[in-house]
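> Chain by chain, the residues run as shown.
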Amino acid sequence: MKEETSDDHILALLASAATHERGFRLLMSCYQEPLYRHIRRMVYDHDDANDIIQNTFIKVFKSVERFEGKSKLYTWLYRIATNEAITFLNTRNRKETDTIDTIENTHLTSQLRADTFFDGNEVQIKLQEAISILPDKQRTVFNLRYYEEMPYEEMSEVLSTSVGALKASYHHAVKKVETFFKGVEFM
Amino acid sequence: MKIRRVVDFSALPKNQPHTPIASEASARVKNKTLNIQCMKEEFDKELRELSPLIAYLKKEQEGDAFKVPKFYFDTLADKVIKQAKKSEKIETSVKKATVFARLESWFSGLLRPQLVLGFGASLLVVVAAWFILSSKKPVMTIDGATVSAKPSISIEQPLSVDEPISGAVNPIVDNKMPNNEHKNTIKLKTQLDDVSTTLPNDISINENKEQDKVAGDLLTHPESGLTEAELALYLEENTEEIDDDSSDNNL
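Protein sequence lines, in the order shown, are assigned to chains A and B.
Position 172 of the first sequence, counting from 1, maps to 172 under my numbering, and the rest follow consecutively.
Position 57 of the second sequence, counting from 1, maps to 57 under my numbering, and the rest follow consecutively.
Please keep in mind that the hints were generated in silico from the structure rather than gathered at the bench.
Accuracy of the hints is not assured; some may be wrong.
Stated by the list, open to error - Dumping the calculated DSSO-like pairs for lysine-lysine here, alpha-carbon to alpha-carbon at most 30 Å: (1) A/Lys137 <-> B/Lys67; (2) A/Lys175 <-> A/Lys126; (3) A/Lys126 <-> B/Lys59; (4) B/Lys45 <-> A/Lys72; (5) B/Lys58 <-> B/Lys70; (6) A/Lys176 <-> B/Lys58; (7) A/Lys167 <-> B/Lys58; (8) A/Lys137 <-> B/Lys45; (9) A/Lys72 <-> B/Lys40; (10) A/Lys167 <-> B/Lys40; (11) A/Lys175 <-> B/Lys67; (12) A/Lys95 <-> A/Lys59; (13) B/Lys85 <-> A/Lys59; (14) A/Lys176 <-> A/Lys126; (15) B/Lys70 <-> B/Lys59; (16) B/Lys59 <-> A/Lys175; (17) A/Lys72 <-> B/Lys82; (18) A/Lys70 <-> B/Lys85; (19) B/Lys58 <-> A/Lys175; (20) B/Lys67 <-> B/Lys79; (21) B/Lys40 <-> A/Lys182; (22) B/Lys82 <-> A/Lys59; (23) B/Lys45 <-> B/Lys67; (24) A/Lys167 <-> A/Lys72; (25) A/Lys62 <-> B/Lys86; (26) A/Lys137 <-> B/Lys59; (27) A/Lys72 <-> B/Lys58; (28) A/Lys59 <-> A/Lys72; (29) B/Lys40 <-> A/Lys175.
As the list claims (entries may be wrong) - Computed from the model, here is a short list of chain A residues facing chain B with C-beta under 7 Å: (30) Gln32; (31) Ile58; (32) Asp119; (33) Gln124.
In this text, all values refer to a predicted model and were calculated from it rather than measured experimentally.
We put the CB at the ideal spot given by N, CA and C, even for glycine.
Isolated chain A (complex conformation):
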């Protein structure tokens, strides 16, 4: 028989020391895949995404007792994952001495083509290139809305930003991606 996977049930299991590990495994089985995909779209590389998802869940494991239930469990998880990914990107950007834009785009294209864990066509590679030129905040908003189809209200909880500002960010991001595509010649 399949175990119930509601947030309440997971939190109830996590609250007791005897069932903590079982609850955590259940939580991971529910959320590991969408969280991994969200992180992967931000950092592109599987190994980096693997490190970040592990750090995210380690943080969750340690601090789940402090989750007050004011927001939904999955928005709380997305919030931790997004913060971890942004911290990772900031650290990586600081380490890199090259200027980001043009060099990073060509680097990303070749990286995605060589990546054995990327199975996309030319349009998808170009779409990822277009997304990669967006500022971090716009990129996160675009990914959450375009791929995850997350409502603005929940996105507001994840990113601690007003719904109006998120709508504006998404609109700007879509326009930028569209402009990028209009200037691209497909081989």
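With the hints as your guide, set chain B onto chain A.
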């Protein structure tokens, strides 16, 4: 021969759940599906309005281009739990080490030479102050009787015989007082008429009645029949005795 049972299912209500719990669950699922559909339509509409090109791309590119290694998600939970427990152990040991190190540094800080010297010096000052203060008790004796009193006239200002005095005068005798001052004080007392009859309230007399006998007689029996001359003579004799005592002490 086989007996075939025929059950008529047409009697059951169609499209209706059999239990109320099942009906609630199915209603919830139905609502959720409807909500998701509504939201999806909303997303598509918004994207179409913003950019028909990007909306078209989204529709065409179904599925995720990012792949993961085989069985990646099957083993991820084990890895995470193992690492989390490991890091918790390390954190606990670091915390213990930090507490121990803090205590050690606190105790070693207490044994710093500056602190030890400071503590020793302050202890010395306290002991010296206690010693000095305890040796300055105002004790006097009148005819062998020990009387402790608060001096209302400072002994630092010796009185002369000729000096007029106003107010009550306490009999103050201090062994450490210089001899001249001592004599002056006693002589002054002899010239006062009411010195034998009244005694200020702040003088307490020792309960030892043998020692206090002389002074006690004078105080408790003012009408003992002694004339002024007899009283003066009596006091003079006693003065000499005190004088002798004090000179003995000074030696």
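> Measuring from the C-beta of aspartate 119 of chain A to each C-beta in chain B, is the shortest one below 7 Å?
With a minimum Cβ separation of about 5 Å from chain B (threshold 7 Å), the hint on aspartate 119 of chain A holds.
> Between lysine 137 of chain A and lysine 45 of chain B, does the CA-CA distance stay at or below 30 Å?
holds (23 Å)
> Regarding the pair lysine 72 of chain A and lysine 58 of chain B, is the alpha-carbon distance no greater than 30 Å?
holds (28 Å)
> Hinted pair, alpha-carbon criterion (30 Å max): lysine 95 of chain A, lysine 59 of chain A. Please report holds or violated.
Holds: lysine 95 of chain A and lysine 59 of chain A sit about 24 Å apart, inside 30 Å.
> Lysine 45 of chain B and lysine 67 of chain B: Cα distance at most 30 Å?
Roughly 29 Å separates the two Cα atoms, so the pair holds.
> Keeping to a limit of 30 Å between CA atoms, is the pair of lysine 59 of chain A and lysine 72 of chain A held or broken?
holds (17 Å)
> Taking 30 Å as the top limit, are the C-alpha atoms of lysine 137 of chain A and lysine 67 of chain B close enough?
holds (24 Å)
> Would you mind confirming whether the straight-line C-alpha gap from lysine 175 of chain A to lysine 126 of chain A stays at or under 30 Å?
holds (15 Å)
> Need the status of pair lysine 137 of chain A, lysine 59 of chain B: alpha-carbon distance at most 30 Å?
holds (24 Å)
> Given the proposed pairing of lysine 40 of chain B with lysine 175 of chain A, does the C-alpha separation stay at or below 30 Å?
holds (20 Å)
> Mind checking the alpha carbons of lysine 72 of chain A and lysine 82 of chain B for me, to see if they're no more than 30 Å apart?
holds (26 Å)
> Taking 30 Å as the top limit, are the C-alpha atoms of lysine 40 of chain B and lysine 182 of chain A close enough?
holds (26 Å)
Hint compliance for this structure: every hint is met.
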